[in-house]
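Counting in our numbering, the sequence shown runs from 1 upward without gaps.
Keep in mind the hints are simulated off the structure, nothing from the lab. None of these values were measured; they are calculated from a predicted model. A hint or two may mislead.
[To be verified] So the derived label-pair ranges between C-beta atoms look like this:
(1) Gln-224 <-> Lys-329: 20 to 30 Å
(2) Gly-276 <-> Leu-78: 54 to 64 Å
(3) Lys-242 <-> Trp-167: 21 to 31 Å
(4) Glu-323 <-> Lys-230: 24 to 34 Å
(5) Glu-328 <-> Glu-219: 39 to 49 Å
[Said to hold, decoys possible] 25 Å max Cα-Cα, derived DSS-like pairs, lysine-lysine:
(6) Lys-164 <-> Lys-134
(7) Lys-215 <-> Lys-24
(8) Lys-274 <-> Lys-230
(9) Lys-134 <-> Lys-200
(10) Lys-200 <-> Lys-215
(11) Lys-118 <-> Lys-85
(12) Lys-264 <-> Lys-274
Each residue gets a CB set at the ideal place from its N, CA and C atoms; glycine is no exception.
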Amino acid sequence: MNKVTVSVPGKVHLMGEHEVVYGKPALLAAINLRLFATIQQFNNSTINKNDEKIIIESSESTDYVQHIIEVVKEHFKLKDLPPMKITITSQIPAGYHLGSSASVAVATVGALVYFLKKVWNPTLINQLAYEAEKEMHGNPSGGDNTTVTMGGFVWFRKELEFLKSIWQLPFKPPSSLNHFFLINTGRPAETTGEMVAYVKEKMSCGAGSRSARQKSKMEMLFNQNEEQTKRVAKALKEGDEKELLDAIRAGERTLEGMGVVSTKVIPLIRQIEKIGGAAKILGGGGRTEGVGFLLCYHRKPATIETLCKPYGYTLQAIQLGEEGARLEKS
Numbered sequence: 001m002n003k004v005t006v007s008v009p010g011k012v013h014l015m016g017e018h019e020v021v022y023g024k025p026a027l028l029a030a031i032n033l034r035l036f037a038t039i040q041q042f043n044n045s046t047i048n049k050n051d052e053k054i055i056i057e058s059s060e061s062t063d064y065v066q067h068i069i070e071v072v073k074e075h076f077k078l079k080d081l082p083p084m085k086i087t088i089t090s091q092i093p094a095g096y097h098l099g100s101s102a103s104v105a106v107a108t109v110g111a112l113v114y115f116l117k118k119v120w121n122p123t124l125i126n127q128l129a130y131e132a133e134k135e136m137h138g139n140p141s142g143g144d145n146t147t148v149t150m151g152g153f154v155w156f157r158k159e160l161e162f163l164k165s166i167w168q169l170p171f172k173p174p175s176s177l178n179h180f181f182l183i184n185t186g187r188p189a190e191t192t193g194e195m196v197a198y199v200k201e202k203m204s205c206g207a208g209s210r211s212a213r214q215k216s217k218m219e220m221l222f223n224q225n226e227e228q229t230k231r232v233a234k235a236l237k238e239g240d241e242k243e244l245l246d247a248i249r250a251g252e253r254t255l256e257g258m259g260v261v262s263t264k265v266i267p268l269i270r271q272i273e274k275i276g277g278a279a280k281i282l283g284g285g286g287r288t289e290g291v292g293f294l295l296c297y298h299r300k301p302a303t304i305e306t307l308c309k310p311y312g313y314t315l316q317a318i319q320l321g322e323e324g325a326r327l328e329k330s
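Please construct the entire structure, taking both the sequences and the accompanying hints into account.
In structure tokens form, the structure reads like this:
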């Protein structure tokens, strides 16, 4: 019985999550939470017993996994696949803007391509995962799937649909900056796709001066956020904690200006800033309830835990710059 396992990290947006859709840069990092996709081939007797050619066991949407399978089949012009079982297990919670859907796509594509063709090609895996992600998010930037494929820190800019600038940054921040945490504020009521559509609506310039002013404001916020994205990258490279904190705080303000940060979490963000830390939303954010995870930087996690208790929020330490997609040893 053939067996293949591929593991893929989650990701965080250090900055640039919304404006990346509009040609601005984003800075992303792979994190030390992983998703595993395992494919096992069945023999005929097993398949006859189950009356299925492909069995999917996943905490993620099985419809999405089936769509990923179809993307791979179409690429290789395959009419049929051998009987198989696909099992997906994950440390990455879905719906919290940690790249779970991208991780599912990359891991499943990687496992399928290796299972069917005995080829390990991260560029092809990333390309096919991006095609699959369009089903989930409509107009994804491609940054999530690229980051979880490549790992480390990724500078990503989508110039055109067919042209993307992708740089894996050639450094790892010093251990003195290893003070990042995730604060769980609750799963957002809105999906990433809905939040992207919300920003798109604000960017649409319809009739009337109000619409034009709104678009102008959004473009200004995008430009300001781009500057903070650059500052975060520079601060990480140089180990400049003060610059890092200032840039995260300023970048969070631009996201609040875009309307993608729920008013339920802003008071906690301000409290964290007052005690010398910084926090920001990840990914799409949220408008009405939680925003998923906040990315927080502070040297004293116990102090942040105390702040979070009245809100009922929990804290989890994470490592940034982790390894990307990996073919696991059998």
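Hints and how they fare:
1. The hinted window of 20 to 30 Å between Gln-224 and Lys-329 is violated, with their beta carbons roughly 46 Å apart.
2. With their beta carbons about 56 Å apart, Gly-276 and Leu-78 fall inside the hinted range of 54 to 64 Å.
3. Checked against the hint of 21 to 31 Å, the C-beta distance between Lys-242 and Trp-167 comes to roughly 25 Å, which is consistent with it.
4. At about 25 Å, the beta-carbon gap between Glu-323 and Lys-230 stays in the expected band of 24 to 34 Å.
5. Take Glu-328 and Glu-219: their Cβ atoms lie about 44 Å apart, and the range 39 to 49 Å holds.
6. Simply put, Lys-164 and Lys-134 have alpha-carbon atoms about 16 Å apart, close enough for the 25 Å limit, and the pair holds.
7. With a C-alpha separation of about 15 Å, the suggested pair Lys-215 and Lys-24 falls inside the 25 Å cut-off, and the hint holds.
8. This hinted pair checks out: Lys-274 and Lys-230 have alpha carbons roughly 24 Å apart, not beyond 25 Å.
9. Proposed proximity of Lys-134 and Lys-200 is supported: the alpha carbons are some 16 Å apart, at most 25 Å.
10. Taking the CA atoms of Lys-200 and Lys-215, the gap is near 10 Å; set against the 25 Å cutoff, the hint holds.
11. Restraint check: the Cα-Cα separation between Lys-118 and Lys-85 comes to about 17 Å, which is no more than 25 Å; the hinted pair holds.
12. Straight-line distance between C-alpha atoms of Lys-264 and Lys-274 comes to about 17 Å, which keeps the hinted pair within the 25 Å bound.
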